[in-house]
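Sequences and hints are given; from them, build the entire structure.
So the sequences go chain by chain: A and B.
The first sequence begins at 18 in our numbering and counts up one residue at a time.
The second sequence begins at 18 in our numbering and counts up one residue at a time.
You can trust all of the hints, since none of them are fake.
Since copy identity is lost for identical chains, a pair holds within one copy or between any two.
25 angstroms max Cα-Cα, derived SDA-like pairs, lysine to any residue:
1. 32 with 43
2. 147 with 115
3. 147 with 113
4. 120 with 78
It should be emphasised that the hints constitute simulated quantities derived from the structure, not laboratory data.
Treat the numbers as computed from the prediction; the structure is a model and nothing was measured.
Protein chains: 2
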Amino acid sequence: MLQFDVTHALPFLPKNWLSSRLDGLTDARNLLERGNGLGGEFTGWVNLPAQFDQREMQRLLHTARIIQSQSEVLVVIGIGGSYLGARAMLELLTSPNYNLLCKKTPQIFFTGNTLSPDAMTELLDYVREKDFSVNVVSKSGNTTEPSVAFLLFRQLLEEKYGREGARDRIFATTDRKEGSLRALANQEGYATFSIPRSIGGRYSALTAAGLLPLAVAGLDIREMLSGAAEAMTALRQPGQDNPAWQYAAARNALYAQGKNIELLACYEPHLRSFGEWWKQLFGESEGKDGQGVFPASVEFTTDLHSMGQYIQEGTRDLFETVVRFTYPLSSCLLDPEPGDGSGLDYLRGKDLRYVNEQARRGTVLAHVAGGVPNLLLTAGERTPFWAGQLVYFFEYACGLSGYLSGLNPFNQPGVEAYKTNMFALLGKPGHEGQRQALADQGLL
Amino acid sequence: MLQFDVTHALPFLPKNWLSSRLDGLTDARNLLERGNGLGGEFTGWVNLPAQFDQREMQRLLHTARIIQSQSEVLVVIGIGGSYLGARAMLELLTSPNYNLLCKKTPQIFFTGNTLSPDAMTELLDYVREKDFSVNVVSKSGNTTEPSVAFLLFRQLLEEKYGREGARDRIFATTDRKEGSLRALANQEGYATFSIPRSIGGRYSALTAAGLLPLAVAGLDIREMLSGAAEAMTALRQPGQDNPAWQYAAARNALYAQGKNIELLACYEPHLRSFGEWWKQLFGESEGKDGQGVFPASVEFTTDLHSMGQYIQEGTRDLFETVVRFTYPLSSCLLDPEPGDGSGLDYLRGKDLRYVNEQARRGTVLAHVAGGVPNLLLTAGERTPFWAGQLVYFFEYACGLSGYLSGLNPFNQPGVEAYKTNMFALLGKPGHEGQRQALADQGLL
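Pasting the structure below:
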């Protein structure tokens, strides 16, 4: 099981940082268990790792093999929670360079998350000469960005393979019954997977939304669910030793003391996209009512040479949470020759994993001395099992943390604001009132 | 010339936001001109675009052709300012997918910026079977991360090509005279380019540090310098219409009102790494003495579905600065067929560039209504000329901004703290005192 270490934040915390929050955490835990808190209708993820439909799992694995056999490229279309979990896990468990390195499995591109004509054209041109399949991920089917991308890639599929052929290359992950994508899939006969209605986008990494692309990449998604299940069993046990309780309490206490910014830090480039997933999870769950810790992410030691100065000596409203793996997968021995000019004689015979770990330890000492509390989450290895644990840990801690703050961790009312204006500007039917309001202000 | 628009921040600014800062800006401008402010010995970048040595330029272009002809891969070794400018410009002007798309020019990988054994092993394995060259970028030659990577890639080059052959594939960008990398390059006879002593890492994007990799990618680096020169001429003119003065004054005024976090936002995925470059530039220049705006970056509309909720309704200490191009390079016409189920009938005949622009406009309205001041910087096209303008604009504005805040925008004293501890933990000679101190605390 994951280890959580609060030692290097204690100098910044009051003695009762945890004890004073045990009642609140107990309440939060019970709200998650019973699904009767704010947004309780979206707590289907809590029990998901134990309840995953085994026939759905078999269909996922079977479909992944079909996609592998017929595709050089899989285009995943989705925005927000519909792609961030899959991309985070893909890069964590393979590499940020997966598309350059994959040999036996299809390349995977994430789109439907931008309106940039340059980015869209680039990918359309890239797959035009390749055999490709599409996994469109949208709970409602109404979101503009994935709808636009699906329109374009579906048209390209139909050009290449005809309408019948295209049908065999489109895989829709959507609501079981409702929404425009479900209707279209039923009409066209696409293979489909469902996102349970009780699971919101940012909590959907362990549903088909996250798992199908990962299975196509050849990753063991059953192991991922096993890891998540182990975390689930451990984290649902109430008590002050619970690492999710400790994390939720510590960040709540740090925020109460004016630590407004949390940096998710890692020492592996593989975790960079994980930071983006984590930022949505916490930012969207807690950034409301004019409150919330601002989530940012850094990759060390890389960013110690860009953000390091600010972290060490800038405005003192930061704390950092490090995600660390005990065992890197590779060994990389340093063997400088005497007089080779490298200046690294003192590292002779050392493995880079040792150097990286001393960099982490040295950084903790430096940042704590500089006034930055440090929380540490340690996983075993960079494998699907541990990745599943990490996902569940942060989901569960986020749910606890939201309820501990007295808010609804499962809604995102603010996401509509830009859409409303955009639709009005674009003249979308149903937005005539807002369009008139903009016209009256001379904004059309 | 770049256009700067403060309109959507004015509701949050006092009337005298600019006029009250004109004296300070005049002083800041004069300190930059005369090089007699704090850190004035590092203002060599101010006049660089007009002074770029034309023989050095010819050597850069010539060397780029050599690297192109002998390499499938160029490995760029550098950390912080030694790689962020080159990577930002490469992705901005080609694509984040450059390494997948490049056909006539070498793939380019950036390393020497991590101690991860997994990342290092991955790249070593990747280039082992390829013809590759190395551009090692380090002003001093003493920084641990690039030294480690250079050791490993140099050993691999010598294995593949012999010691003589390796020499023809190593290109060092370093100080003109001093430092261990300069000494080694002289001893081994590597081709070298210099980083002027008067230019610090984060201001070095327009030196050989940034330009050589870009020339290898086939980009017109002379155009980039032309753009920078145009910006230089415009921005060194004092006055309240100067866009760099306006940007420096606006962010200074917003910070004074408690806007602690600046989001650099864009609507093109190509700008994501540009955000990382910008974060170093401002974070390292201003994050000191317990002060400074925290720099973060977002890519829209992508991140409106992850960070959008927080930006719209979270803690109200944000402002955002959008970098926009008037003309995207591609056209992407939307042509939904009636009844195709896309729900996009209202976009028929529209180009995606129009949709993306309405998304930007709608987002500004939403964020301003939500309490987030919006600054807008508009460039013409995503070309080397305009990229050079952008780089110079932000460098110059950062210098102004630092002096306006009364600090030294050119040092980074806090970057040493983690290194000191790391060296002590690793037993590097010269760090025995700190090592003993750690031992006394039981930290070894």
